[in-house]
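Protein chains: 2
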Amino acid sequence: MGVEVEREKAGIPKKTIYRLSLYHRCLSKLTENGIKTVSSSALAKAAGVKASQLRRDISHVGQFGTRGLGYQVEELRLVIREALGREHLQPVILVGAGNLGSALLRYGGFQKEGFEVVAAFDAVPEAVVKREIGVPVLGTDKMDQFISQNAVKLAILCVPGENAQEVANELVLSGVQGILNFSPTVLQVPDSVTVNNVDLALELENVSFFIGRESEPESEEPPLEEL
Amino acid sequence: MGVEVEREKAGIPKKTIYRLSLYHRCLSKLTENGIKTVSSSALAKAAGVKASQLRRDISHVGQFGTRGLGYQVEELRLVIREALGREHLQPVILVGAGNLGSALLRYGGFQKEGFEVVAAFDAVPEAVVKREIGVPVLGTDKMDQFISQNAVKLAILCVPGENAQEVANELVLSGVQGILNFSPTVLQVPDSVTVNNVDLALELENVSFFIGRESEPESEEPPLEEL
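Keeping their order, the protein sequence lines are chains P and Z.
When we follow our numbering, the leftmost residue of the first sequence carries the number 288, and every step to the right adds one.
When we follow our numbering, the leftmost residue of the second sequence carries the number 288, and every step to the right adds one.
In short, the hints are calculated from the structure, not lab data.
In this text the structure is predicted, and so the values were computed from the model without any measurement.
Fair warning: there could be bad hints in the mix.
Pairs count within a copy or across copies, as identical chains cannot be separated in the list.
With a straight-line cut-off of 20 Å between C-alpha atoms, the simulated EDC-like cross-links for lysine to aspartate or glutamate are [unchecked claim]: (1) K399 x D478; (2) K332 x E453; (3) K332 x D431; (4) K323 x D428; (5) K301 x E362; (6) K316 x E413; (7) K399 x E449; (8) K301 x D428; (9) K316 x E453; (10) K337 x E400; (11) K337 x E319; (12) K332 x E449; (13) K301 x E449; (14) K301 x E453; (15) K399 x E457; (16) K332 x D478; (17) K323 x E457; (18) K323 x E453; (19) K399 x D428; (20) K316 x D428; (21) K316 x E457; (22) K399 x D431; (23) K323 x D431; (24) K399 x E453; (25) K429 x E400; (26) K440 x E403; (27) K332 x E403.
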């Protein structure tokens with residue numbers, strides 16, 4: 288999202304991590320289709336980035352590729368997978384199983400990428416249980432204990448904006464270190480906690496802004512401007 | 288999202304537009320609470336950005352604020368609203384009313400921010416109608432005609448990844464100029480079309496990556512690295 292402070296941890300910039308995830312997905316498709324090698328320009332096009340960008344991103348995980356021959360698909364996929372830590376994916380809880388929260392559980396996209404949503408929490412769990420969302424639904428008063436007992440580090444937050452900070456505080460105190468935040472609120476958390484905001488209305492507003500405007504040459508803000 | 292080419296249109300960088308939307312939301316809350324003035328540091332904190340960033344962003348829409356007194360809340364809100372074109376919000380269609388698509392319609396966040404989803408399209412509209420999603424559901428064969436007749440420029444795309452490019456092509460041919468893409472596919476579109484990707488699994492993977500890693504000092508990639 289455009290509104291976050293860009294962090295760099297483990298020596299790889301946050302934006303590079305996004306793109307490595309994307310390359311991993313593209314390489315998985317190539318593997319499924321039995322393709323053995325791919326040029327940097329073809330892989331870059333599939334991922335929607337420039338080839339020079341791709342080569343630089345990949346240099347963060349090692350030296351690969353042969354001029355004129357491209358990358359070994361499976362080798363590169365495994366190295367990126369290792370770098371992303373996808374061998375060790377975390378259990379996830381979802382907090383706030385309203386319309387959006389329930390839907391996220393039903394849509395199955397997280398599971399498809401290897402995440403296991405182990406439980407959902409809601410202030411009124413009885414109302415949610417009826418919707419058959421496929422995971423245990425517990426009251427938010429059980430959250431702290433569950434997080435400790437199951438060593439949960441990752442939470443998807445879908446509560447209303449006005450409750451989001453309070454719930455985030457509880458999550459952090461209980462030991463959660465990463466929050467995917469769908470609530471339309473900017474969360475204040477300690478530096479040790481990672482928050483990614485997915486603000487759906489803001490994204491739509493952003494697309495809307497650019498409709499029907501004259502396209503100008505792409506240009507970057509000077510580095511100082513960047514968040 | 289971190290994986291997009293940053294565009295600059297209408298003289299305001301894309302990331303600045305995100306943040307202006309965010310400031311607008313914060314200022315609306317202040318107005319609701321009867322607050323008349325706000326310092327740049329307080330507004331920046333509410334939006335989760337640095338005060339220097341906020342001041343620079345706001346300079347894109349004009350000269351505001353008095354040293355020591357801060358900003359006039361309502362004046363600034365109206366100017367940002369005007370700059371964002373929120374007086375003239377567009378009708379939106381949603382394509383692919385499966386689990387995620389139906390949920391996005393039900394969750395109400397878009398409507399709350401002033402967007403009107405005027406219709407949904409699905410390959411099997413009969414199946415969707417039963418879910419009572421609150422808008423007319425039509426077959427995708429009716430999409431082209433509907434877009435032309437209603438001058439729709441904005442679409443939310445929630446079809447499976449393997450169909451996303453094909454549907455995007457149809458949308459663009461029919462006159463859509465902005466797509467909020469939830470399908471896990473990188474869309475190839477003409478430069479005149481804006482695509483924002485909301486890739487939920489990728490966001491979760493990104494949060495997951497940063498869990499339990501040593502936090503390093505924030506640093507930026509050199510400008511060349513930026514997408």
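Outcome of the hint check:
1. In this homomeric assembly, K399 and D478 never come within 20 Å of each other (Cα to Cα): the closest approach is 30 Å inside a single copy and 31 Å across copies.
2. Taking identical chains as interchangeable, the C-alpha atoms of K332 and E453 lie at most 20 Å apart only when they sit on different chains, with a minimum of 17 Å there against 42 Å within one chain.
3. In this assembly of identical chains, K332 and D431 lie within 20 Å of each other by CA distance neither inside one copy nor across copies; the values are 45 Å within and 28 Å between.
4. Within a single copy, K323 and D428 get their C-alpha atoms no closer than 51 Å, and across copies no closer than 38 Å, so neither meets the 20 Å cut-off.
5. In this assembly of identical chains, the alpha carbons of K301 and E362 never lie at most 20 Å apart, being 23 Å within a copy and 36 Å across copies at closest.
6. Taking CA atoms no more than 20 Å apart as the test, K316 paired with E413 passes in neither setting, with 41 Å inside one copy and 32 Å between copies.
7. For the homomeric pair K399 and E449, the shortest alpha-carbon distance between copies (14 Å) is at most 20 Å, but the shortest distance inside one copy (31 Å) is not.
8. Proximity of K301 and D428 under a CA criterion of 20 Å is satisfied in neither setting, with 34 Å inside one chain copy and 41 Å between copies.
9. Only between protomers do K316 and E453 lie at most 20 Å apart by alpha-carbon distance; the minimum there is 18 Å, versus 41 Å within a single protomer.
10. For a Cα distance limit of 20 Å, the shortest separation of K337 from E400 qualifies neither inside one copy, at 25 Å, nor across copies, at 34 Å.
11. In this assembly of identical chains, K337 and E319 lie within 20 Å of each other by CA distance neither inside one copy nor across copies; the values are 24 Å within and 45 Å between.
12. With identical chains, the CA atoms of K332 and E449 are at most 20 Å apart between copies only, with a shortest distance of 16 Å across copies and 41 Å within one.
13. In the homo-oligomer, the alpha carbons of K301 and E449 never lie at most 20 Å apart, since the shortest distance is 28 Å inside one protomer and 27 Å across protomers.
14. For a Cα distance limit of 20 Å, the shortest separation of K301 from E453 qualifies neither inside one copy, at 26 Å, nor across copies, at 31 Å.
15. Taking identical chains as interchangeable, the C-alpha atoms of K399 and E457 are never at most 20 Å apart, the minima being 28 Å within one chain and 27 Å between chains.
16. Proximity of K332 and D478 under a CA criterion of 20 Å is satisfied inter-copy only: 15 Å between copies versus 35 Å inside one chain copy.
17. For the homomeric pair K323 and E457, neither the shortest alpha-carbon distance inside one copy (48 Å) nor that between copies (32 Å) is at most 20 Å.
18. In this assembly of identical chains, the alpha carbons of K323 and E453 never lie at most 20 Å apart, being 50 Å within a copy and 26 Å across copies at closest.
19. In this assembly of identical chains, the alpha carbons of K399 and D428 never lie at most 20 Å apart, being 29 Å within a copy and 29 Å across copies at closest.
20. Within a single copy, K316 and D428 get their C-alpha atoms no closer than 42 Å, and across copies no closer than 29 Å, so neither meets the 20 Å cut-off.
21. Proximity of K316 and E457 under a CA criterion of 20 Å is satisfied in neither setting, with 39 Å inside one chain copy and 24 Å between copies.
22. Taking CA atoms no more than 20 Å apart as the test, K399 paired with D431 passes in neither setting, with 27 Å inside one copy and 32 Å between copies.
23. When the C-alpha separation of K323 and D431 is checked against a cutoff of 20 Å, the pair qualifies neither within a copy, at 47 Å, nor between copies, at 39 Å.
24. Proximity of K399 to E453 under the C-alpha cut-off of 20 Å is found in neither arrangement, the shortest distances being 30 Å within a copy and 22 Å between copies.
25. Neither within a single protomer nor between protomers do K429 and E400 lie at most 20 Å apart by alpha-carbon distance, with minima of 27 Å and 33 Å respectively.
26. In the homo-oligomer, the alpha carbons of K440 and E403 lie at most 20 Å apart inside one protomer (12 Å), although the nearest pairing across protomers, at 37 Å, exceeds that limit.
27. Taking the shortest alpha-carbon separations for K332 and E403, neither the intra-copy value of 31 Å nor the inter-copy value of 34 Å comes in at or below 20 Å.
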